[in-house]
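Student: Here is what each chain is made of, one letter per residue.
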Amino acid sequence: MSTTTPKAPSRRARRAAPDPGATVLFDAPGPVARRNAFVFSLVGAVLVVAVVVVAVLRLADRGQFKGALWAPLLDPSDKDFQQVWKLIGTGLGNTLRAAVIAIVLSLVIGTVIALLRLSLGRVGRVPVVALIELLRGLPVVITILLVYTVVTSYRVNLGFLPGGRDLWILVIGLTLYNCVIIAEIVRAGVVSLPRGQREAALAVGLTNQQAMRSILLPQAFRVMLPSLISQLIVVLKDTSLISLIGGYIELLKQGGLLIQNLGNPIQVYVVIGIIYILINYTLGKLAEYVQRRSSRSSASGRVPIVDGATGTATV
Amino acid sequence: MSPVLDNLDLYWSGFLKSLLICIYAMVGALLLGTVLAAFRVSPVPTLRWVGSAYVTVLRNTPLTVVLFFLAFGLPELGINQSFYTFGVAGLIFYTSAFVCEAVRSGVNSVAPGQAEAARSIGLNFTQSLTVVVLPQALRTVVPPLGSVIIAMFKNSAVVGAFGVGSDLYSVGKQLSSAQGLPALPVYVGSALGYLVITLSAGLALAVIERKVAIVR
Numbered sequence: 001m002s003t004t005t006p007k008a009p010s011r012r013a014r015r016a017a018p019d020p021g022a023t024v025l026f027d028a029p030g031p032v033a034r035r036n037a038f039v040f041s042l043v044g045a046v047l048v049v050a051v052v053v054v055a056v057l058r059l060a061d062r063g064q065f066k067g068a069l070w071a072p073l074l075d076p077s078d079k080d081f082q083q084v085w086k087l088i089g090t091g092l093g094n095t096l097r098a099a100v101i102a103i104v105l106s107l108v109i110g111t112v113i114a115l116l117r118l119s120l121g122r123v124g125r126v127p128v129v130a131l132i133e134l135l136r137g138l139p140v141v142i143t144i145l146l147v148y149t150v151v152t153s154y155r156v157n158l159g160f161l162p163g164g165r166d167l168w169i170l171v172i173g174l175t176l177y178n179c180v181i182i183a184e185i186v187r188a189g190v191v192s193l194p195r196g197q198r199e200a201a202l203a204v205g206l207t208n209q210q211a212m213r214s215i216l217l218p219q220a221f222r223v224m225l226p227s228l229i230s231q232l233i234v235v236l237k238d239t240s241l242i243s244l245i246g247g248y249i250e251l252l253k254q255g256g257l258l259i260q261n262l263g264n265p266i267q268v269y270v271v272i273g274i275i276y277i278l279i280n281y282t283l284g285k286l287a288e289y290v291q292r293r294s295s296r297s298s299a300s301g302r303v304p305i306v307d308g309a310t311g312t313a314t315v
Numbered sequence: 001m002s003p004v005l006d007n008l009d010l011y012w013s014g015f016l017k018s019l020l021i022c023i024y025a026m027v028g029a030l031l032l033g034t035v036l037a038a039f040r041v042s043p044v045p046t047l048r049w050v051g052s053a054y055v056t057v058l059r060n061t062p063l064t065v066v067l068f069f070l071a072f073g074l075p076e077l078g079i080n081q082s083f084y085t086f087g088v089a090g091l092i093f094y095t096s097a098f099v100c101e102a103v104r105s106g107v108n109s110v111a112p113g114q115a116e117a118a119r120s121i122g123l124n125f126t127q128s129l130t131v132v133v134l135p136q137a138l139r140t141v142v143p144p145l146g147s148v149i150i151a152m153f154k155n156s157a158v159v160g161a162f163g164v165g166s167d168l169y170s171v172g173k174q175l176s177s178a179q180g181l182p183a184l185p186v187y188v189g190s191a192l193g194y195l196v197i198t199l200s201a202g203l204a205l206a207v208i209e210r211k212v213a214i215v216r
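Going down the list, the sequences are from chains A and B.
Heads up, the first sequence is in full-length UniProt numbering, so the first residue is 1 and it goes up one at a time.
Heads up, the second sequence is in full-length UniProt numbering, so the first residue is 1 and it goes up one at a time.
Just so you know, these hints were derived from the structure itself, not from any lab.
On a predicted model such as this, the values are computed, not experimentally measured, just so you know.
Some clues are possibly wrong.
Claimed, not checked - Partial selection, computed: residues in chain B whose CB lies under 7 angstroms from chain A:
(1) TRP12
(2) ASN60
(3) THR64
(4) VAL65
(5) PHE69
(6) PRO75
(7) GLU76
(8) LEU77
(9) GLY78
(10) GLN81
(11) VAL158
(12) ALA161
(13) TYR194
To be verified - Here's a subset of chain A near chain B, in silico, CB distances under 10 angstroms, partners left out:
(14) GLN82
(15) THR149
(16) ILE245
(17) GLY247
(18) LEU257
(19) ASN261
(20) VAL290
What the hints assert, rightly or not - The following label-pair restraints were derived from C-beta to C-beta distances:
(21) PRO31(A) - LEU16(B): 50 to 60 angstroms
(22) ARG139(B) - GLN260(A): 26 to 36 angstroms
(23) LEU47(A) - ALA111(B): 27 to 37 angstroms
(24) ALA60(A) - ARG139(B): 29 to 39 angstroms
(25) LYS66(A) - SER82(B): 34 to 44 angstroms
(26) LEU8(B) - GLN260(A): 31 to 41 angstroms
(27) ALA111(B) - PHE221(A): 27 to 37 angstroms
(28) THR152(A) - THR56(B): 36 to 46 angstroms
(29) PRO112(B) - GLY164(A): 52 to 62 angstroms
(30) GLN83(A) - ILE79(B): 46 to 56 angstroms
(31) THR207(A) - LEU192(B): 49 to 59 angstroms
(32) PHE83(B) - SER41(A): 33 to 43 angstroms
For glycine and all other residues, C-beta sits at the position ideal for the given N, C-alpha and C.
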């Protein structure tokens, strides 16, 4: 919706047209509004700068900008630099490994749960729905804690799995929580397809299972790819919960261990925070890009978007 | 299950404490998130920029990292509070980014004609936002906003694990490690407490959704 008149907009009006972030809530700002906005921004900027200066002064007062605290993280010539970044790399690798295994397992198990829910009758699917509600209602940190408790107090042997027991405590906990969310994403993907897709498949002689396997699921997976990527962000963030419980050494826990040796919590958490933000931001952009592509060419035209944080599908 | 039944009073106080964390965080996150959403749709570019920077940073950082940041960073700035305050504040900061996005999507879903009509009868930006657009936007965002809040209720367990003391998570920890009760039933007891919170919130959400839904 343009805020300028559709007929022959003057050059000035076009230049003043709001940027894509703007909405219909306001007109293209005129000279007064622009001046007001500028003054307002200036005052705001001065306030922000003042707060930052106070914060920086206080941090400096406490010696948080001393080279010794930052050097192991930023100065390649520091004696600890290589070792520190090697450890951060290991932690990051462990985070990524746990997240990827958990998302792949969730995808497989979630698809099975979704197919069960879709194919069982009204009564038959009651236990499936109950399981979904149960696992969705539990906080993921509690799920991981329960898995941890079962494995440690009953000495469940997970050693035969590659990667070690601690990795699998985290992976199983994350999978339990995420498989039901993925199941709902898959279901939303299948339900969002036009009915004709299944009807045409049955008309050419495919059975119900064949139609699901070779017609419906492949389309559903493509449609829900963006949601899957956003769910990966959630899983990546959730791997850090194990650092509150103990065992697996992922990125955040690795940071905690580094802090014990270097004694610079603020600096290490800044670096680790930036790493998380960079990875998740990139994934978020990737999800948006895939979404744009698939909404351009999907069979249904209605791409269900699932909010990664909450796991709710909105079609 | 006797470790749970013998300590029902402890669980009850833990449940109330967790519920209190949820309620504080819900009110705080809704207020802060709505203000941020107003930032993101405002005509002032700087405010839009601040809003989107906040959302980008807070949405992509794990809640655990946010909590560690507050607990280690703020004391260095001379702000000393209990872990409880830091925990609730961290939950508010983290959740408000998601609330902001939900509310913003609602603002975008209000028909442009509404805002145009508001402007044409002479309302300014603040008036048209608060009197015309936001009331409608808030009704359309009840489902996504509700999911954000339920996710926040679940995240309150992270605040508990962070060590605020005497909430549902801490009760489980206390009973299993200090009193040496078998860990699994004890933690199942805590989990049941959270289930009561999240499932009843889900039911309440469904009721509210039916009441306020706008048919377009």
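Student: Interface hint check: LEU77(B), Cβ to nearest Cβ on chain A, cutoff 7 angstroms. Holds or violated?
Tutor: With Cβ-Cβ at 5 angstroms, under 7 angstroms, it holds.
Student: Min Cβ distance, THR149(A) to chain B: is it shorter than 10 angstroms?
Tutor: Holds, about 5 angstroms.
Student: Mind checking the CB of GLY247(A) against every CB in chain B and telling me if the closest is under 10 angstroms?
Tutor: 14 angstroms, violated
Student: Does the beta carbon distance between PRO31(A) and LEU16(B) stay inside 50 to 60 angstroms, or does it fall outside?
Tutor: This hint holds: roughly 57 angstroms between Cβ atoms.
Student: Is the interface hint for GLN82(A) satisfied, with its Cβ closer than 10 angstroms to some Cβ of chain B?
Tutor: Violated. Min distance 24 angstroms.
Student: Hint says 33 to 43 angstroms; check whether the CB-CB distance for PHE83(B) and SER41(A) agrees.
Tutor: Given about 37 angstroms between the Cβ atoms, the range holds.
Student: At the C-beta level, are ALA60(A) and ARG139(B) separated by a distance inside 29 to 39 angstroms?
Tutor: 49 angstroms, violated
Student: Mind checking the hinted window 26 to 36 angstroms against the Cβ distance between ARG139(B) and GLN260(A)?
Tutor: 50 angstroms, violated
Student: So does ALA111(B) sit 27 to 37 angstroms from PHE221(A), Cβ to Cβ?
Tutor: The hinted range 27 to 37 angstroms holds for ALA111(B) and PHE221(A), with Cβ atoms some 34 angstroms apart.
Student: Less than 7 angstroms between beta-carbons is the criterion; does ASN60(B) satisfy it with respect to chain A?
Tutor: The hint holds - ASN60(B) has a Cβ within 7 angstroms of chain A, the shortest such distance being about 4 angstroms.
Student: Do the numbers back the hint for GLY78(B), that is, is its least Cβ distance to chain A under 7 angstroms?
Tutor: Holds - the Cβ of GLY78(B) comes within 7 angstroms of chain A, reaching about 6 angstroms at its closest.
Student: Against chain A, with CB atoms and a cut of 7 angstroms, does the hint on PHE69(B) hold up?
Tutor: 6 angstroms, holds
Comparing the model with each earlier hint shows violations of hints 1, 6, 10, 14, 17, 18, 19, 20, 22, 24, 25, 30 and 31; every other hint is respected.
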